[in-house]
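Using the sequences and the accompanying hints, generate a full structural model.
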Amino acid sequence: MKRNIITVFLLLACFLCNAKIILPKLVSDGMVLQRDMPVNVWGWADSEQKVELFLDSDHYQTEADENGNWKIQLHAHSAGGSYNMIIKTNDTTITLNDILFGDVWVCSGQSNMELPVHRVLSLYKYIAANPNIRQFLVPQTYNFISPQNDFISGQWVKATPETVMDFTAVGYFFATELYQKHNVPVGLINNALGGSPVEAWISEDSLKQYPALYQEAVKYKNQSMIDSIIAADKIRDDTWHGELYKEDKGYDTVPWYSENLDTKDWSKINIPGYWDKSDHQTVNGAIWFRKTFNIPSELAGKPALLLSGAIVDADDVYVNGKWVGNTTYMYPPRRYNVPENLLKSGNNEITIRVVSRIGRGCFVEDKYYGLEFDNNDYSVSDKVIKPIVRINLSGEWLYKIGAKKEALQPETFIRWKPVGLYNAKLAPLLNYTVKGVIWYQGESNVVRASNYQKEFTTLINDWRSKWKQGDFPFLYVQLSNYMKAYDKPSESDWAVLRESQTNTLSVPNTAMVVTIDIGEWNDIHPLNKKDVGKRLALAAEKIAYNQDIEYSGPVYKSMEIKNGKIILSFTNADNGLTAKGGELKEFAIAGADGKFVWAKAKIEGNKVVVWNDTVNIPVSVRYAWADNPQYANLYNAEGLPAVPFRTANH
Numbered sequence: 149m150k151r152n153i154i155t156v157f158l159l160l161a162c163f164l165c166n167a168k169i170i171l172p173k174l175v176s177d178g179m180v181l182q183r184d185m186p187v188n189v190w191g192w193a194d195s196e197q198k199v200e201l202f203l204d205s206d207h208y209q210t211e212a213d214e215n216g217n218w219k220i221q222l223h224a225h226s227a228g229g230s231y232n233m234i235i236k237t238n239d240t241t242i243t244l245n246d247i248l249f250g251d252v253w254v255c256s257g258q259s260n261m262e263l264p265v266h267r268v269l270s271l272y273k274y275i276a277a278n279p280n281i282r283q284f285l286v287p288q289t290y291n292f293i294s295p296q297n298d299f300i301s302g303q304w305v306k307a308t309p310e311t312v313m314d315f316t317a318v319g320y321f322f323a324t325e326l327y328q329k330h331n332v333p334v335g336l337i338n339n340a341l342g343g344s345p346v347e348a349w350i351s352e353d354s355l356k357q358y359p360a361l362y363q364e365a366v367k368y369k370n371q372s373m374i375d376s377i378i379a380a381d382k383i384r385d386d387t388w389h390g391e392l393y394k395e396d397k398g399y400d401t402v403p404w405y406s407e408n409l410d411t412k413d414w415s416k417i418n419i420p421g422y423w424d425k426s427d428h429q430t431v432n433g434a435i436w437f438r439k440t441f442n443i444p445s446e447l448a449g450k451p452a453l454l455l456s457g458a459i460v461d462a463d464d465v466y467v468n469g470k471w472v473g474n475t476t477y478m479y480p481p482r483r484y485n486v487p488e489n490l491l492k493s494g495n496n497e498i499t500i501r502v503v504s505r506i507g508r509g510c511f512v513e514d515k516y517y518g519l520e521f522d523n524n525d526y527s528v529s530d531k532v533i534k535p536i537v538r539i540n541l542s543g544e545w546l547y548k549i550g551a552k553k554e555a556l557q558p559e560t561f562i563r564w565k566p567v568g569l570y571n572a573k574l575a576p577l578l579n580y581t582v583k584g585v586i587w588y589q590g591e592s593n594v595v596r597a598s599n600y601q602k603e604f605t606t607l608i609n610d611w612r613s614k615w616k617q618g619d620f621p622f623l624y625v626q627l628s629n630y631m632k633a634y635d636k637p638s639e640s641d642w643a644v645l646r647e648s649q650t651n652t653l654s655v656p657n658t659a660m661v662v663t664i665d666i667g668e669w670n671d672i673h674p675l676n677k678k679d680v681g682k683r684l685a686l687a688a689e690k691i692a693y694n695q696d697i698e699y700s701g702p703v704y705k706s707m708e709i710k711n712g713k714i715i716l717s718f719t720n721a722d723n724g725l726t727a728k729g730g731e732l733k734e735f736a737i738a739g740a741d742g743k744f745v746w747a748k749a750k751i752e753g754n755k756v757v758v759w760n761d762t763v764n765i766p767v768s769v770r771y772a773w774a775d776n777p778q779y780a781n782l783y784n785a786e787g788l789p790a791v792p793f794r795t796a797n798h
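Residues in the sequence shown are numbered from 149 upward in steps of one, following this note's numbering.
It is worth saying that the hints were derived from the structure and are not from the lab. Note that the structure is predicted; figures quoted are calculated from it, not measured. Don't take each hint at face value.
[Claimed, not checked] Simulated restraints on C-beta separations:
# : residue 1 : residue 2 : range
1 : K750      : G449      : 58 to 64 Å
2 : I672      : Q429      : 34 to 40 Å
3 : V402      : E554      : 25 to 31 Å
For each residue, glycine too, the CB sits at the ideal point set by N, CA and C.
Below you can see the structure in the form of structure tokens.
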């Protein structure tokens, strides 16, 4: 990473020495410029060199300063295109083609924003491409030394059936909604990084108010230390995997993925699930799984899509002795193409070698494990989708341990340290005029949930200050429901972080999207990104486009205690409240002892009455206060879910 950054700046220096002009990666062919606002175009040239810019019928000119920096501000331009832009000096002329004016949104946060369209194809068989929606994918680098003035790579890409697969799914669904509503181009700056905490996106000067985080940022200015950590991580990882491969009996003379393998000494197991009985018997290393399944003659020889749910941690998959694919970490849904003529009529065999690095390994429950025929290529066109034939592979399998190892300690994840992403991924954007930001992040800050409101507020104010565009719209997604549900009311760091996100609504010109009803208990990356995009677009209509609409579900406002019951009032409920699927769920109530029990609740107009006959003098109420409040069902008349809340901070 360091070498790449040095190379970029050396090339830039050489370029300037040769009396040329250079543009940042963002200012390039196919870019989307913000409509109806003055926008910046900038770059580098010889010191005091005259720079001219031609766009449409407009002509601009400026002069590079003594350091070679120049900037031109274009007049506000209405939506449309495409246009060509000519930028020239005495020695050089650059022509940029296919420029659009529309709305530019920064899509930032961690993996749920980063998640590309191709990861959600099992839920959405048809994704319509739109070349008027374009994405700039910011490279995944970090820098602890100082803010960069450009990215090491990047280009604007229009959404075609081929390229849309790599767009941010949340961003693309959001952009699609906006395009359908306003019929103007949308530019998405995809600037997210999986696992990143909020402090990685805050500038150094703003981070100084958090001494512990600031000291950590200062520590990582030592590049030799970083190099040493990276080298040690690589040696540890390579050694562990190398030893595992050598020790794995599954690669003996007759590999365990071979057809017609003698499996008399293999044990039985049900899949999905854990292969160890408890976390006190954790087995890390290489574990092999086999299953014999039947293919009817009419499907023999046909290509298929093998769906093997999600596996902790990594896997290699073989069908009838032939390798068909692998995944190197736990999160992605397993989707492997089985080629023509590999499956035969009658008995077939599938073998999966799983590598468990740390913690309990498993085939994740409530995922589909099986084969699909006739529709293994999900459509990005409007062709008719054929019916799917499925062969279920869940149930009884055989398994055998190839090699046991001590747990592999994870890498240091330097890329998530404070300031690093701000310097490398945010700072180069600050000259680019934008409509606003959509943000999906917080999972990595759950361990410090009570600090999140202050740190997230710092980020929003920091970005707005640096961008110098005033209080531009900042729309964000509240954490979804996740992990197993509990039978009784419980404490939850996830709920505390959601509360911190709700409290951040005190920052002007912000909006929050609630997704408590569209998560998945067994997947931190829920597939339903279309509803997330739609709800963000609703928020944008209200905050960014000044439409008089209801964009949020009910928000707790106040409470009244009367006759042993608590009466709750809400905003965003003018047209009434509703309970989806029957009586209200996920309400808990407590007396002065602070011990919460499940409560009964009913809707009366735009209020909710909550009680439990065993709590004679109620004091406080919680709603959807859990990691996974799976039965939460309070909505407003517009069909938007209520914001989780507690009436007292205990």
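Hints, verified against the model:
no. : hint                      : in the structure
1   : K750 <-> G449: 58 to 64 Å : holds (60 Å)
2   : I672 <-> Q429: 34 to 40 Å : violated (25 Å)
3   : V402 <-> E554: 25 to 31 Å : holds (28 Å)
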